[in-house]
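Going line by line, the protein sequences match chains B and H. Sequential numbering of the first sequence, starting at 4, is according to this note's numbering. Sequential numbering of the second sequence, starting at 4, is according to this note's numbering.
No wet-lab data here; the hints were simulated from the structure. There could be a bad hint or two in this list.
What the hints assert, rightly or not - List time: in silico DMTMM-like cross-link candidates among lysine to aspartate or glutamate, alpha-carbon distance up to 25 Å:
#1 K71/H x E113/B
#2 K384/B x E96/H
#3 K161/B x E183/B
Said to hold, decoys possible - Not the full set, but computed from the structure, chain B residues with beta-carbon under 7 Å of chain H:
#4 D73
#5 G132
#6 S135
#7 G260
#8 G261
#9 K368
#10 A424
Glycine included, C-beta positions come from ideal geometry on N, C-alpha and C.
2 protein chains.
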Amino acid sequence: MIQPKRPSGFNELLPADQLAMNAMISIIKMSYEQYGYAPIETPALELSQVLLAKEGGETAKQVYRFTKGDTDLAMRFDLTIPLARYAAEHFNELAFPFRRYQIQEVWRAEKAQAGRYRQFYQCDIDTLGSKSPMSDADTILTMHSALHALGLKNIIFKISHRGLLNGILESKKLTKSSTEVLRAVDKLDKQGEAAVTNELQKNNLSRKDAKDIIDFVKHSGNVKTIFAYVKSLKINNETFTHSLAELEMICQLLQAGGLSSNEFVIDLSVARGLDYYTGMVFETVLTKNLKLGSICGGGRYDNLLASYHKDSIPGVGASIGLSRLFSALKESFKSMPANPAHVLVVPFEQELAKYSLEVALTLRKHGLNVLVYPGFEKMGKQLGYADKLGISFAVLCGSNEADKKSVTIKNLKTGKQVTVALTKAAATIKKSL
Amino acid sequence: MIQPKRPSGFNELLPADQLAMNAMISIIKMSYEQYGYAPIETPALELSQVLLAKEGGETAKQVYRFTKGDTDLAMRFDLTIPLARYAAEHFNELAFPFRRYQIQEVWRAEKAQAGRYRQFYQCDIDTLGSKSPMSDADTILTMHSALHALGLKNIIFKISHRGLLNGILESKKLTKSSTEVLRAVDKLDKQGEAAVTNELQKNNLSRKDAKDIIDFVKHSGNVKTIFAYVKSLKINNETFTHSLAELEMICQLLQAGGLSSNEFVIDLSVARGLDYYTGMVFETVLTKNLKLGSICGGGRYDNLLASYHKDSIPGVGASIGLSRLFSALKESFKSMPANPAHVLVVPFEQELAKYSLEVALTLRKHGLNVLVYPGFEKMGKQLGYADKLGISFAVLCGSNEADKKSVTIKNLKTGKQVTVALTKAAATIKKSL
């Protein structure tokens, strides 16, 4: 006998949780479609030369990569690079701005630890081919709508713009270090000011420049306060001025699109680790569950597609990390039964098997999910089964019932039962559902 | 620049086709839930020692298998072995009979050829822990319901029972060759009588025995005719007698459960290649598209779980090969737009961006999917975009409209347009949807 076990770090759900997960995915899909994003799916496997073109270092190490025949393959580790490949490959078949959503699993061989999985769902939206701040705002508004639809409350979007810090670096003639500075700044929360100052100085920043940058990124608060602060710096640099105007416009559009002023802040420390972001960036946290970290994030990446396509195609998008969010969501979600059936049909004996199937067929025609118990166990055992599965009604098919084309409906929560004509059974059950 | 391409044999869909595919998957899920199957998903990667325990030969060669760290991993190539592992691993957390559905992709490095993909969707149902013929019948009835719900007509279920041929082999003292005989017989359609006779004789069957077996499996037809033929053979063997009674019972239940007599035949040549089947087996074909081959098949496997669990757990199940069926289904399916939006909101200029977002929000509250064009292109360009995406309505937001809190609704099919108060816009659009 082989021990039945999964590789470590790979999670799977029992049916009740899977039903909850599926309900969550349906809600997210519905929100994305409400905002006019169209679905696509990409293959689990891509050519390594395509998938890993832009990725070195940590990410590449985590990728499941192998050779089959003479093809070097890699499993997708996010949905953005595959999107870039898809849009470039199908460029002439798509209408731009191309707005797609994609809800699929990704794989990363991360260190196994609590709450971290090696396979997890990402739920992404992206707009390709639009430089307009309306697309930036639309991205956040769609995410806001999806998170709300999931029943999450106390959501805060923490928004920034890469161009602000880049503008400061330009004005200080430090553009060569911009990647290193962004990476260092991204660690401020976790490693603290001293460590980040140290790292900045290692990258050839003067103590004053390091201090200026840290002072800057420590600012977080409501739109009015932060824009007043940013303007007070009087930085004379085009990138800076342009990015500031763009960010202000995005914030105005967010309010027009339904985000209330206590649902978002400007947080100048938000940089997001990935190198490919070029403009607006954001993270999302639950104020009542900060230890969960960012549950949704994204930003603008205007150069990513240049790796795969001759034309410059700007992009902006975001992702919900659903597998990680699942446990937090489950608490607020109504608990699901272990089976989607509303009704268990209980056949009493062999001779009643056919009548049981007829009953099930009739009930299904009226929109009920019906499980026919396969066999003729004692009633107690069949009802115990319904109970374990969380099924609310049993429909008993004895010979009396079969003779009269009737059924006895037992409400398994109240214990009450009633015998009615088969033609009226579905209506009777639906009244108490 | 990196050439954007996929590994060969990996298919992906454009948005309109993906929307059609998603609609098909929803229909299948709904059918499976109507019959009381609960969803599960299993990881893409399993331990090779678990996944490949029962598989040698051809299948093993097609598996994507590799080592990461010191773990020998394999991508799932079907949904049945992962189910066996899942049920054994979670045995104490599940209620039996355990009825699950699973709609996920599987991967097989098959030779690339038209209509064959290396990644494809399987849509499976299985019942574990029930020996009752009611479960066999339920499997076929559920598949029948799902295929009908997809709009397929002229479906024929070709049903047989492994025990009939096994019984004949027992009566001829040829049980040692049963696997080889089943494999040979499975090729009758493709290779013809002479080749199969030859293969049977190679496996030490006499010419008479080979002829008897081929005569037997050539029989196919309606229930009455074939059962009369099978009984006329007067084979005195318990396996044979028992299997015949079981198959008769299954056929009676199929009729009681809504299968009409012209929707299924007994076809004694149906054996299904896989070794693990032990009882009823079936294939499904479309009589108007026979070249498509079997679109759905399954059967009973009472020993498979013994590899992973100490208790004997019988199983029966079936699978729809959706990716292969997709092209055939698409013809009968209404064609889908390239975007799920019902409405494109057309903003005329920067100053109207905020009003456009307000309009979109109002329409969405009334259940419409709304895409706000990101930017202020000329109206012709924005309407051309709606046209390419198959969006039916444009809602024009000019300054007149914004001043009066109204919108101009343009029906893009008829060209007609009407200006109404924003509060009445959703109702006006829904009337013409």
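Should the hint that S135/B touches chain H count as held when the rule is a Cβ pair under 7 Å?
With Cβ-Cβ at 4 Å, under 7 Å, it holds.
Interface restraint verdict for G132/B against chain H (beta-carbon cut-off 7 Å): Violated, about 9 Å.
With a cut-off of 25 Å on the C-alpha distance, tell me whether K161/B and E183/B pass.
Answer holds: K161/B to E183/B is near 22 Å, not above 25 Å.
Self-check item: Satisfaction of the G261/B interface hint, Cβ to chain H closer than 7 Å
Solution: At 5 Å from the nearest chain H Cβ, G261/B passes the 7 Å test, so the hint holds.
For this session: Go through the hint on D73/B and say holds or violated, using the shortest Cβ distance to chain H against 7 Å.
Result: violated, 11 Å
query = Per the CB criterion, is K368/B less than 7 Å away from chain H?
reply = The hint is violated - K368/B has no Cβ within 7 Å of chain H, the shortest such distance being about 10 Å.
For the pair supplied as a hint, K71/H and E113/B, is the alpha-carbon distance within the 25 Å limit? holds, 12 Å
*Have a go at the A424/B hint: is there a Cβ in chain H nearer than 7 Å to its own Cβ?*
violated, 19 Å
Could you grab the alpha-carbon distance between K384/B and E96/H and see if it respects the 25 Å cut-off?
Roughly 17 Å between the alpha carbons, so the hint for K384/B and E96/H holds.
Hint check, G260/B versus chain H [nearest Cβ-Cβ separation less than 7 Å]: holds, 4 Å
The earlier numbered hints that this structure contradicts are 4, 5, 9 and 10.
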